[in-house]
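Novice: Here's the letter readout for the chains.
Number of protein chains: 2
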Amino acid sequence: MTHPAIKLIEDRYSANRFDNTFNLDTPEIEDLVRLATSAPSAYNLQNWRFIAVRSKMEKSRLTDLAYGQRKVSDAAVTFIVVGQLPNHTALPQRLHPFVDSGHMPQAMAREWQDAVQTGYSDPVMARDEAIRSATLAATTMMIAAAAKGLVSGPMVGFDAKAVSDSYHLANDELPVMLLAIGRAAQGNWPQKPRRPLTEVLKVQ
Amino acid sequence: MTHPAIKLIEDRYSANRFDNTFNLDTPEIEDLVRLATSAPSAYNLQNWRFIAVRSKMEKSRLTDLAYGQRKVSDAAVTFIVVGQLPNHTALPQRLHPFVDSGHMPQAMAREWQDAVQTGYSDPVMARDEAIRSATLAATTMMIAAAAKGLVSGPMVGFDAKAVSDSYHLANDELPVMLLAIGRAAQGNWPQKPRRPLTEVLKVQ
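Residue numbers (this note's numbering), protein chains in the order written: chain A, 42 to 245; chain B, 42 to 245.
Heads up, some of the hints might be wrong.
No copy labels: a pair is met if it fits in one copy or bridges any two.
Dumping the calculated EDC-like pairs for lysine to aspartate or glutamate here, alpha-carbon to alpha-carbon at most 16 Å [unchecked claim]:
| id | residue 1 | residue 2 |
| --- | --- | --- |
| 1 | K243 | E99 |
| 2 | K48 | E99 |
| 3 | K189 | E69 |
| 4 | K97 | D60 |
| 5 | K48 | D66 |
| 6 | K97 | E152 |
| 7 | K97 | D141 |
| 8 | K243 | E69 |
| 9 | K97 | E51 |
| 10 | K233 | D141 |
| 11 | K97 | D155 |
| 12 | K202 | E214 |
| 13 | K202 | D163 |
| 14 | K243 | E71 |
| 15 | K97 | D66 |
| 16 | K202 | D52 |
| 17 | K243 | E214 |
Derived by calculation from the structure, the hints in this document are not laboratory data.
Predicted, not measured: the structure shown is a model, and the values here were computed from it.
Chain A extracted, bound-state conformation:
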């Protein structure tokens, strides 16, 4: 039997039209972030952060920074999904519960810390990881939202510099995506057609 998650993945579409009368309360927003952060990240860095823009005033402000896209305001919440450059000094704290529970040897936690320090000394690699980790979490949030009967609309069309300034992102943070989540209104497009598998897959 096909698992119901397969159908969710097949049926997901990027929503553009949201029911602007539908709201999400704080526990519902927290649950979306809890699920999003169950995504994997390199070395379990969890180098992500979420600003849930929900109030009418804040949504209006963010809409202006997203070239007036209405879904930013019409959705129940629009997340600014923030990626963080890997920081080896933060890693011990993120691994210690797994060391304390007896899963990970302390020596391995130190090795991972060294690997993070070395591996991301190249700023291109560091930025790549911020984008990758934040996207792992954002994608997981989209599927979690679908499982809750909600729709999502990811956006890269926004003024990244203005969002960083306006929402006081730190120097080691970047806004990777905006993600509108709420209840669908009428008139959304279905999922757009995909390239044939022959174009995108090689088995060897």
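Keeping the supplied structure of chain A fixed, place chain B upon it in accordance with the hints.
Specialist: Below, chain B alone, put in the same frame as chain A:
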């Protein structure tokens, strides 16, 4: 009632140990890629490609390029998830089925093409999009694999230059992730503990 996909997301873990007697046939690999590519991408660029490394010889070769990580060989298949720099000249072909079906006006397809040409003229933005799109697809594949009773192990620990050379990636392509998929063997860690929500979420 909680949708079963929520439990999949909660229970997913990054597998390190795979049953090396378990194989996936080509239709199963194709189905994983079909589901992965239902992920969204900016402007529906679908700027991704998948090399499914399945044969014993190819897995051995890729293991060497991934610092000897055994899961590359032990998994039924290890995907090289490739991101492509956005190419505005490729976009009309990717949008035309949606124009032909009457969903998208032709003028909008042209606007999107212009937006891709302009928006990704900055090479940093172009690389970001390659990482983001490939990660959207890879994350979706992880959840699809879980829905099929499989486990997955994402990896960034590999020699990107060597993988690009050895698998003949084009100049506008980069290997964003390796993703091992197969049947779990004994001895995997559970999902690692996550940062508290208070550290990663701000509602406003």
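Novice: Run every hint past the structure and note whether it holds.
Specialist: These are the hints, each one checked on the structure:
1. K243 with E99: So K243 and E99 pass the 16 Å test across copies only (12 Å; inside, 46 Å).
2. K48 with E99: Neither, since 34 Å and 32 Å both go past 16 Å.
3. K189 with E69: The answer is within: 10 Å in one copy meets 16 Å, while 28 Å across copies does not.
4. K97 with D60: Cα proximity of K97 and D60: one copy only (14 Å, versus 52 Å across).
5. K48 with D66: Result: close neither inside a copy nor across copies, 27 Å intra and 21 Å inter.
6. K97 with E152: neither (46 Å within a copy, 30 Å between copies)
7. K97 with D141: The answer is neither: 43 Å in one copy and 38 Å across copies each exceed 16 Å.
8. K243 with E69: Between. Shortest inter-copy distance 13 Å satisfies the 16 Å Cα cut-off; intra-copy 41 Å does not.
9. K97 with E51: neither (32 Å within a copy, 31 Å between copies)
10. K233 with D141: Between copies only: 12 Å across chains, 47 Å inside a chain, cut-off 16 Å.
11. K97 with D155: Neither. Shortest intra-copy (44 Å) and inter-copy (32 Å) distances fail the 16 Å Cα cut-off.
12. K202 with E214: Intra 11 Å, inter 26 Å, cutoff 16 Å: intra-copy only.
13. K202 with D163: between (22 Å within a copy, 14 Å between copies)
14. K243 with E71: Answer is between; shortest inter-copy Cα gap is 10 Å, intra-copy 40 Å.
15. K97 with D66: Cα proximity of K97 and D66: one copy only (14 Å, versus 51 Å across).
16. K202 with D52: Answer is neither; intra-copy 34 Å and inter-copy 36 Å both fail.
17. K243 with E214: Between. Shortest inter-copy distance 15 Å satisfies the 16 Å Cα cut-off; intra-copy 36 Å does not.
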